[in-house]
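Listed below, chain by chain, are the residues.
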Amino acid sequence: MTASPGHNKELAERAYRIRRNAVLMGEVQGQGYIAQALDIADVLAVAYFHAMRYRPDDPDWEGRDRFLLSNGHYAIALYAALIEAGIIPAEELETYGGDESRLPMSGMAAYTPGMEMSGGSLGLGLSIAVGKAMGLKRKGSDSRVYVLFSDGELDEGSVWEAIMAAAHHKLDNIIAIVDVNNQQADGPSTQVMGFEPLVDRLEAFGWHTQRVDGNDLDAVVKAFDAARDHGEPKPRMIIADTLMGKGVPFLEAREKNHFIRVEAHEWKLALDALDAGRLG
Amino acid sequence: MTKPVLTSSGKPRLTTSAMIASIAGEGQRTKPAPFGHALVAAAKERPEIVGLTADLGKYTDLHIFAQAYPDRFYQMGMAEQVMFGAASGLAAEGFTPFATTYAVFASRRAYDFIHQTIAEEDRNVKIVCALPGLTSGYGPSHQATEDLALMRAIPGMTVIDPCDAHEIEQAVPAIADHRGPVYMRLLRGQVPLVLDEYGYRFEIGKAKVIRDGTDVLVISSGLLTMRTLEAAAKLAADKVSVAVLHAPTIKPLDTATILAEAGKTGRLVVVAENHTVVGGLGEAVAGLLMRNGLSPRFRQIGLPDEFLAAGALPTLHDRYGISTDAICTSLKAWLAG
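Protein chains in written order, with full-length UniProt numbering: chain A, 1 to 280; chain B, 1 to 337.
Simulated from the structure, these hints should not be mistaken for lab results.
Please read all numbers here as calculations on a predicted model, not as lab measurements.
Here a beta-carbon is modelled for each residue, glycine too, at the ideal position from N, C-alpha and C.
DEER-style ranges, computed between Cβ atoms: (1) D318/B x Q191/A: 49 to 59 angstroms; (2) S4/A x R108/B: 50 to 60 angstroms; (3) A310/B x Q29/A: 47 to 57 angstroms.
Incomplete in silico selection of chain A near chain B, CB under 8 angstroms: (4) S121; (5) A129; (6) V130.
Model the full structure from these sequences, guided by the hints.
Spelled out as structure tokens, the structure:
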């Protein structure tokens, strides 16, 4: 598929539905990483409904592209996408975070169809992606490894080990996405531990690097296409600048939104805000 | 040990403090790089075997495999975290990675990666680590005195502490056949050859009586089985009868054999290991006996709960009680007491 007004309209609808799924799951528990789910929904819509190859009824299909969620606390966002993609039945949404649920609050491979790794401890995903990319090349597979991690994970030395290793082993089948929402547990990421200039650093480390507005669907589609089509034997990084709480203005405006509590009456307000944005 | 080299002032130079100290005694039969050669043999049968190292290929004998199968070898640099994460990823794609480094760097530096990306995801990765316990004179940076305690604590991890070249040769195909994560300690370079004389066969999860005796039952693993067999031979001259039950699989422990042997009355029960007395084979056996209502006289031979000194290995092994002579002294004292 290529970018077209009709296609991007479909992606916008997918992104809306991913956000809606996430808010509905958040309401089940009364709390959660809702602001992150809202910020990354556009990237997930492009990954699952534009870029990636998979079979909803066969999540372990050998020919699939692998999607690794390194930041396991974004599980609510990925579940929302997996439900929308038909990999997880929609009725399981109501089990989110509950006893015996396949949708635990942190993403774990053993629990959930379509979940390729357990990511609760941060800074693991890119290293696993390196091994998967090497393994796919060994098998002669043309499947790609998509890996999503957060700007906060750039604090972890292991991420930079993996960045070096991926370039050294010329793993051009890795497409990594870093969600730069500038928010981590103790405050703005750039204040917790400076990581800029990120483009310069990643290019110096040998990666094909693009920086886009992660909430601009058209820009995200073009970035995924360029990452896929790039000819050089380099791993590819998409730096996605995103807005916490995107699509729900009163959450966008909330200052401390790393892990938010939403008052009971606010869930309806959040859904209404998403609906308003969808119509707009 | 090698003959002393004299310094210009005529004093003997202690050369065994080198990091690459050999644990082979003078005149002891050895085999070169048993792990490397055994892995090459296993890899002939199993095309899914790949090798990774973190800048220690030559020092874990993995270079033998790398030379035989250069396209199945991944150099990951001095970066243990990405090496174990990548091993997990390769295993997820159907390969059987053998990942090597020193035991200290696997167990301490990359513990979370082994715990989360390998064990928690039940990936078929074989972690093979040189310099186990006190086999380096470089001080605590290189002395893996806690690795068995750490690895044993991880659910689903198989933990193996082989004794000699004979056992390493048999353990490599066995762990390649085994489905699931394995941590194996490694003796590398010129590795002593001992257990072949006893007709011993390695099996995962099995402890085996190597030598029977009536006064003491020593349950041991790794290097300490070799030393205990030497001690038993010496003590036999003093009419002290020592049984040696070799338990190379620390986890899962061979509970049936250990309970059967420790349940025979009249013997002092001693556990001997090249590891801190905290959390290794000794405490595993003690817990097993207590839970099953057995309370023989019980003692531990192992490294003290402290950061060990740097220096020449023979000196350190004597000081910390794991040399053959030190084992003889301890056993005699406990039998007299």
